[in-house]
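Heads up: the protein sequence lines correspond to chains A and B, in order.
Sequence positions in the first sequence follow our numbering and run 1 to 290.
Sequence positions in the second sequence follow our numbering and run 1 to 787.
Since the hints were derived computationally from the structure, they do not count as laboratory data.
Among the hints, a few may not be true.
If you only want the chain A side, here are some residues facing chain B, beta carbon under 8 Å, derived [to be verified]:
hint, residue
1, Ile61
2, Asp64
3, Ile188
4, Glu189
5, Gly191
6, Val261
Only some residues are given here: those of chain A computed to face chain B with a beta carbon under 8 Å [what the hints assert, rightly or not]:
hint, residue
7, Ile159
8, Ile160
9, Pro162
10, Glu270
11, Ile271
Restraint-style ranges between C-beta atoms, simulated for each label pair [as the list claims (entries may be wrong)]:
hint, chain 1, residue 1, chain 2, residue 2, range
12, B, Leu32, A, Asn91, 36 to 44 Å
13, A, Glu88, B, Asp29, 46 to 54 Å
14, B, Leu706, A, Ala145, 37 to 45 Å
Keep in mind the model is a prediction, meaning the values are calculated, not measured.
Every residue gets a Cβ at the ideal spot worked out from N, C-alpha and C, and that includes glycine.
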Amino acid sequence: MKDFEYFSASSLQEACSLISQYKDVGKVLAGGQSLITLLRQKLISPTCLIDIKGLKELDFIEFDKKSGLRIGALTTHRAIEKSPLIQEKYNVLSEMEKSVASVQTRNWGTIGGNLCSADPIGDPAPSLIALGAKIKLVSAKGERAVALEEFFTDYFTTIIEPDEILAEIQLPPPAANTAVEYMKFATIEAGIKIVSTSVAVTVEAGSDVCKDAKIVMSAVAPIPLITKKAAEMLKGKKLTDDLIEEAAKMAASETDPTTDVHASAEYRKEIVKVLVKRAIKKAFEKAKKA
Amino acid sequence: MNERSVVGKPLPRVDGKAKLTGRAKFTTDVVLPGMLHAKLLRSPLPHAKIRSIDTSKAEKLPGVMAVITGKDTWGIRYGFVDTPNYPAEERPIAEDKVRFIGETVAAVAAIDPDTAEDALDLIEVDYDPLPPIFDPEEAMKDGAPQIHGEITRNTSCAWEDWGVARKSHSYTPVNNVAARVLVTYGDVEKGFAEADYIREDRSRSPGTSHMAMEPHTMVASWDPFEQKLDVWMNHMAWELKRYWLHKTLDIPLPKIRIHKTYIGGAFGGKAPCFDYEVICAFLSRKLCKPIKIELTREEVFSSCRNSHRFDISIKTGVKKDGTIVAQHCNVIVDAGAYKCSAPVAMFLSHGMCDCCLDRKNVRHEGVAVYTNKNFNFARRGHGAPQMRLAADGQYDQICEDLGLDPVEFLTKNLRKKGDVIPNGDRLDSYGLPEAIKKSAEAIKWKEKRGKQRDKNRGVGIGINGMFSGSGYWPFACTAIIRLNHDGTITLIEGDCEFGQGPDTTYSQIAAEALGLTIEDVTLVSSDSELCPMNYSNFLSGGMFVGGGAVYNAAIDLREKLLKVASEVMRAKPEDIELKDKKAFLKSNPKRAYTFTEIQRYHIQKHLGDPLFGIGYKKAVPEIEFYPSLSKGTGRFTDAYGFTASTAEVEVDRETGRIRVLKIVVAEDSGYEINTAVCRGQLVSQAVQGMSDALFEEIMDDEGRVLNPNLVDYEIPRAFDVPEIEIIDCSDFEPKGPWGAKEIGECARAAVISAVVNAVYDATGVRVMRIPVTPERMFNALKAQEKK
Chain A
1 MKDFEYFSAS SLQEACSLIS QYKDVGKVLA GGQSLITLLR QKLISPTCLI
51 DIKGLKELDF IEFDKKSGLR IGALTTHRAI EKSPLIQEKY NVLSEMEKSV
101 ASVQTRNWGT IGGNLCSADP IGDPAPSLIA LGAKIKLVSA KGERAVALEE
151 FFTDYFTTII EPDEILAEIQ LPPPAANTAV EYMKFATIEA GIKIVSTSVA
201 VTVEAGSDVC KDAKIVMSAV APIPLITKKA AEMLKGKKLT DDLIEEAAKM
251 AASETDPTTD VHASAEYRKE IVKVLVKRAI KKAFEKAKKA
Chain B
1 MNERSVVGKP LPRVDGKAKL TGRAKFTTDV VLPGMLHAKL LRSPLPHAKI
51 RSIDTSKAEK LPGVMAVITG KDTWGIRYGF VDTPNYPAEE RPIAEDKVRF
101 IGETVAAVAA IDPDTAEDAL DLIEVDYDPL PPIFDPEEAM KDGAPQIHGE
151 ITRNTSCAWE DWGVARKSHS YTPVNNVAAR VLVTYGDVEK GFAEADYIRE
201 DRSRSPGTSH MAMEPHTMVA SWDPFEQKLD VWMNHMAWEL KRYWLHKTLD
251 IPLPKIRIHK TYIGGAFGGK APCFDYEVIC AFLSRKLCKP IKIELTREEV
301 FSSCRNSHRF DISIKTGVKK DGTIVAQHCN VIVDAGAYKC SAPVAMFLSH
351 GMCDCCLDRK NVRHEGVAVY TNKNFNFARR GHGAPQMRLA ADGQYDQICE
401 DLGLDPVEFL TKNLRKKGDV IPNGDRLDSY GLPEAIKKSA EAIKWKEKRG
451 KQRDKNRGVG IGINGMFSGS GYWPFACTAI IRLNHDGTIT LIEGDCEFGQ
501 GPDTTYSQIA AEALGLTIED VTLVSSDSEL CPMNYSNFLS GGMFVGGGAV
551 YNAAIDLREK LLKVASEVMR AKPEDIELKD KKAFLKSNPK RAYTFTEIQR
601 YHIQKHLGDP LFGIGYKKAV PEIEFYPSLS KGTGRFTDAY GFTASTAEVE
651 VDRETGRIRV LKIVVAEDSG YEINTAVCRG QLVSQAVQGM SDALFEEIMD
701 DEGRVLNPNL VDYEIPRAFD VPEIEIIDCS DFEPKGPWGA KEIGECARAA
751 VISAVVNAVY DATGVRVMRI PVTPERMFNA LKAQEKK
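Generate coordinates for the entire structure from the input sequences, incorporating the hints supplied.
Okay, here's the thing in structure tokens:
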């Protein structure tokens, strides 16, 4: 690890001013579960780190019936997993968080840090996108809101400007007749994901007809991948086993996975078929009861 | 000695409190005044000539104290196998050539680790790439690149130093063959001619990492006035490490002191001599400063010893009823760039397996081949897991082909207690038959085998046998016990504590013999300057050899105490019992003298204190002055441990993912000195075996390790561990301390076979290349569907 200067911000305002000052050479430290590994492997060598982990003002989970859920960027994975509010209203997030790395990592790593590291195998992004998440980015100059699905641009790359900080994640209130299901596939529990998917299904009340669907996947493309064609196939249709299987095959054809030590590209596509099929079925069954 | 009160109990570990509270000292905790830190520059190429190395820029970096290259250590050789036929060829720093990615080409000592690392980037090495070779079968072909030229005799080898008359001689490997082994007995041709059914199969076990929690670390401190080296290091027997430091750096043996530290796991992987150890000591002597080297996890994967990849062809002939009549094994070991223990691993793949079943006519051929990859050493079983997978997988298939039951098949071919096996070893204890029976019962074999495929579930069985130390010269230990003036004892023995529990179990062994409690034992261990001879904590010799020496020392002291007590009490020694630091009459316990009183009497009578216990033990009593690894002649060990394991798995046929539902380990480790320590050993082996079967493989591309970290090299965590049932099938070992023998290595192999065979039972598909990853299973299932 190369030497760097270390700043600990005591307020969001101070953090914004530090990062605008050091934007070309600095990195934001929001838990460090990904960043420290990159530093140790010398994949990046910033000359300054701005530690925002201590900012209490970005550590919150708040819910409003009309506007929905707000999660501060520095909320830990463990806090999301254990939040009774999230377990009740956005249970898929709690379920998803259970499979983010190990308890030790979840105790320290933050949701904002996870999203900004933009690792295509990350778990939270697909679930949040399936739930229709927006994010708030702030800088010394002001703030802006962006749909999370527009945030990622490539491997480890996002639209965030060098002087911006991700401040919070916003989710709409839970939709009626809708269920979101998360499924992952890894060789060991909580191991590196070979594929994971989050599927949102909305049904016409009291019927087997799918009103809306969204299928989002990780580890099969440079960014969290929304398989639009597959979701399109489901909309307005009665969800039969055959249709679900066809949609899952379509989803696989929309992916562009790579081969690595954990799995080959071909195998990942095969797993997409199985996982998407299972997730749609499960989300569909839950949505009918929701 | 009537009922046992200290051994046979799950007493808490004597090192438990220190470890739980973080006070236990590991090598990484050693910080000395003025200590420097060293880092190693590793070769980025798998095979290349070194034209030149320019260290001038690195030397000028502020904070850098020394930069050394192969020129500084030129000619130094060492090796785990260093015999007259196979002189050592490992070197601390590459000289004119590198042979694998990760080989050390230079070392930097600096005021802190970061400076040392920065200096590495400033060293300029001019390489001339040579064609590399990675696959052992390709490497054996004519015309393949040759990894080694002539391997020349350097200094005398260990065998010569211990009295072997033959001098080692230089040799040049042909077609990259590092070593060969051929063991035969019976008449294999005749055996196959008599067989009703013959099968041939191939299997592969990959290279894996030992995954010790503590990465390899050493601190060396040279005292220029005393001309003495103080060392804190990772090891499994300081006698070996001290010998290598003495040979490589020409320091007299008594001028090297290896201090006790706890060691964060070893599993075989810390026994041989390493480049960083010689470099650490070399730099310390050069600079007259303490030097610390702490390797990273990446370096452990890429530059420290891993387990051997084995490719095995096995041909077995059986009668219709399943009686084995002949077996021919062909073993190819991927040695890597240096042979290290490859000749041993090849031999052990026969030696450890021959104790289990009577195969009647056997031919075991092996070849170890140099390749341009990191090289290898023992990992928990050292050749046995690879061989058992090949054999037990094939037996399972033979049973399927002939309509036999695998449990009955194994039972039919068992050896018998008391048998003398072909090399001359006698099975005085042999708990394998009971282990097979009980492990099958515990998994509900009869109800489940072959009856759950509709549920994608299956059960499987595997077995193994393991040495309790070996004829490795000079595999022996000595222990000393001092009777203190308050009636307690101080036990002085050399074994090191790397998690396997000798500090606790040896204390129990001694306390039991003298009627004391474990709290009455003060332990001095694992220090080369304070402890007597110790060569036992590998090849599972700890309990049998090290513990045996402690037992003999305790009995020695007991007999001396009884003799004096009989004088004092005017009674026969056999009428006296020792308990609670007292000697008393069995018939009248009130007639008692304290140990202190007995000792006082004796010191007066003898003008001094002769109440010392001394004990010693050698792993194999026969002295084999011309051991032949290549022919497998001579005694192997004096007692074998045995395991039978069963497992139940469930396979997701859509994805290929395998879930282990339950593992049963039925173990004969002789009498269990500490039942909790034994249980810990067996649970850890069950987890490792499952991990081998399903997860672990070092993957490489053109010699570069692709998964040298714990993110990409996945091992099970607590919640991946299934239900594990441990069954004690101990058979009393008459030559072992209190009847004990090996426990630490046997079960892993049996568990691997059990899991792989269970996968077959669940699916009807046999995958004989481990790990059976979801993708390998998926592809095998697809291939089955196409048929």
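Q.
Name the hints, by number, that the structure is in violation of.
A. The structure conflicts with hints 1, 2, 7, 8, 9, 12, although it agrees with all the remaining ones.
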